[in-house]
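Chains as they are written, first to last, in the working numbering: chain H, 1 to 473; chain P, 1 to 473.
None of these hints come from the bench; they were simulated from the model.
Quick caveat: nothing in here was measured; it's all calculated off a predicted structure.
It cannot be assumed that every hint is accurate.
Note: identical chains are not told apart, hence a pair may lie in one copy or across any two.
[To be verified] Listed below are the simulated SDA-like cross-link pairs for lysine to any residue, each with C-alpha atoms no more than 20 Å apart in a straight line: (1) K14 with G459; (2) K340 with R133; (3) K153 with A181; (4) K12 with G459; (5) K12 with D460; (6) K153 with A91.
2 protein chains.
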Amino acid sequence: MLTLSDQRRRYKPKIPALLQDPRSVAFEKIKTLDVDHEVASLFPLTSKTSALKGCEGSCTLQMPKIGVVFSGGPAPGGHNVVAGIFDTLGAGNLIGFLGGPDAIVSGSYKELKKAEIDHYRNQGGFDLLGSGRTKIETPEQFQAVLNVVKKLKLDGLVIVGGDDSNTNAALLAEYFLKEKALTCVIGVPKTIDGDIQNPYVPISFGFDTAAKIYSEMIGNLAHDTVSSLKYFHFIKLMGRSASHLTLECALKTHPNITLISEEKKPFQTQIKELADWVESRAKTPYGIVLVPEGLLEATLDVAGALKDSHGNINLSGISTETFLMESLQKELTARNFKGKFEPLAHFYGYEGRCGHPSNFDANYSYALGITSALLVLHRQTALMAYVGQLDRPPSEWTFGGAPLTPLLKMQTRNGVLKPVIDKALVDLNGKPYKALQKNRAVWMKHSAYENPGPLQFAGDPQITDSIPLILQC
Amino acid sequence: MLTLSDQRRRYKPKIPALLQDPRSVAFEKIKTLDVDHEVASLFPLTSKTSALKGCEGSCTLQMPKIGVVFSGGPAPGGHNVVAGIFDTLGAGNLIGFLGGPDAIVSGSYKELKKAEIDHYRNQGGFDLLGSGRTKIETPEQFQAVLNVVKKLKLDGLVIVGGDDSNTNAALLAEYFLKEKALTCVIGVPKTIDGDIQNPYVPISFGFDTAAKIYSEMIGNLAHDTVSSLKYFHFIKLMGRSASHLTLECALKTHPNITLISEEKKPFQTQIKELADWVESRAKTPYGIVLVPEGLLEATLDVAGALKDSHGNINLSGISTETFLMESLQKELTARNFKGKFEPLAHFYGYEGRCGHPSNFDANYSYALGITSALLVLHRQTALMAYVGQLDRPPSEWTFGGAPLTPLLKMQTRNGVLKPVIDKALVDLNGKPYKALQKNRAVWMKHSAYENPGPLQFAGDPQITDSIPLILQC
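Model the full structure from these sequences, guided by the hints.
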């Protein structure tokens, strides 16, 4: 019996022609962003790293030995990053660290072999290697990692992770150079939240699949509410800092209300607007509200609102969607609202992190894997692998390395000034947000829901190969 | 831009050859179940109705005029029932009642036209007509329905609904005959819960799609937990009376623990077994637990357990999955358990009621629609339309009408003895349950999860045309 996983194992990711032969690639220097001067003083050896773009060339260097590690929450496409590295290096040159960054400290790894790689091609999850959230911070940890990469004679360490993990990649790259270790460090931009974006990186891998999975569920709920005609669905979506997933899902499904953390709308204003809307729907007492996970953290006056209603409850103990529903119910009661208001809460998060990667994410993450291997082959370090022009067909994608140090800003974390990669938030002057703005009033009033349906892997390419709408904007 | 909904509109449901030409069908009488004698006394005019099976024949009768109504919660395939009726009757002969059974009392309807039907082909939801949960019970309601069907000169009334709606269909059929009205009444077995099953009806439509949607999410969570290695996911699934959906999803995804309401396991035993399991996973502190929505209602000693911990809280106010998690946490604390236990709660319900119907549900519900129209064409009443041999290819499916009265049993509801159609529960001696039993011990210990992935509509028929596993057993 053929399963979808079997079928996906046979899928050949689409990539630019250049990436199909690692021996035919060279890198050229391109315009590089400036480095913050405080950051530069902390990264004397890597802050002058150039941005690189892949181009035609040739390379006869020996294939390097690479170690790869997953860091943080899973994202669809992680296994294809590993497959891309493996296919570039050939057998015998790739090890995988087991269980996240802890493993590059302790040296827990396995050699990756073809049969195992083949089993995980185009499969969701991070289960080939596991993952973890340990930060490499102490001198002892750095020393331990150095010992591990030296002992394993690694030419490269590829860290597949989010903003924190890429900050760690920058620190390790600088440290290795300082210690005269020969291991290059390359970061790969992973996060379903989509909050790694910079002039080189249009979006992180995993975002497309997660948004499609959530949008399937949202579309189904929207379809249900116009069938049942009685429920107000409050749907929280993952994204603690940035609302990209909520924005993307809104553009896909056309909910009545889309809350965006980055708007920093005062909480009471939000509740009043929601109450106005519920009142306006007395004859159509149903609707869809999208709520980004980080809404309450981003809302200036919410601490006050929480104290009023719950005493001194810790924000992290509050379920955003439930708190919103309860606050709205209170407001409606205060207004003496007599209509129907039957709210239901949903949260989609973990469901989107390990689904079968969409064609877009399968292609994109595979291209990122090859790119990271090529950067190590060319002895480049302190870079984030990137694939550009993602809004065009894969044959037209560009690829290369974006220096990590220009992405770092000095920020205070837990009272200590540190270099960190800022999370990219929704730009209220950007085209995706403006696309939402343009439609918001109509969607609020009418039930203009779209039901994009489940992620498809066969059939018309317009459906199977679609790309994130925020990239299309 | 082609959407999945567009693509699905073009899908031609696969049906038995006989159903492709309504003029070539006759019905033959087949073995009929006995009617309870108390029921028979309440249904003097319909209790001798024969079971019918479609066969080759010919029919020159004039096409009837039919009204169709959706009743209760939506289920994927509802629109194809309507399309099947429409395609059989031809234009001008089908009206749809708007907003559920209320509409057959008030006479709220619209004539259904080809363009609208075409728009809704193979689409999820009940939004073409809306739905509702009103029961037709009072003499005034019966009289009002009679007036409506007479005024509209309906030859047939097709009620698409669950157990209660089909009970209503039986009552209306008897009443119409008593009042010498010419309107035939046909029920169509709908419910995602799968709790309409009888010797003629293998499963209700909608079940397959809902189970596939939930299984996609469960598979993703399972994949997440073997990647993150730290969460215990407690996943509640719709099914207040019967655990068919939970059983089907378990057979598809192989969770560690599958709770089945029908086992009526004492609550404290359940909690102790769960605690033993969590303790046994100290080195692998993660897992997947499926919880049927009706678990607490079915558990004999749960009222006591609730009183112990919560005082006199009403069962309907309790979130089953949360209560289970909390009770388990208490038990672990009592045992002085020092390992990791990070539980997360999920509920999948509404998400499964309005998804794009699977090929199986699209085919099956379309065949049910045609069958119900043919039964009216042949002036048959008091029947549930059925399609049989669903475990074979559609070309081999049988179809016909199952008398409603033998399905009725006298039961006390709200203190009144009434004829009702019993919900079909999971049979603890049946093959599907035994298939679970056979694997339970292994699944509990190991992470043998399957990730079936999102519902597919194009590609290999082994994937797109799969049928429920409980039918395959």
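inquiry  = Under the constraints set out in the numbered hints, which ones does this structure not fulfil?
reply    = Going through the list in order, the structure violates no hint and respects every one.
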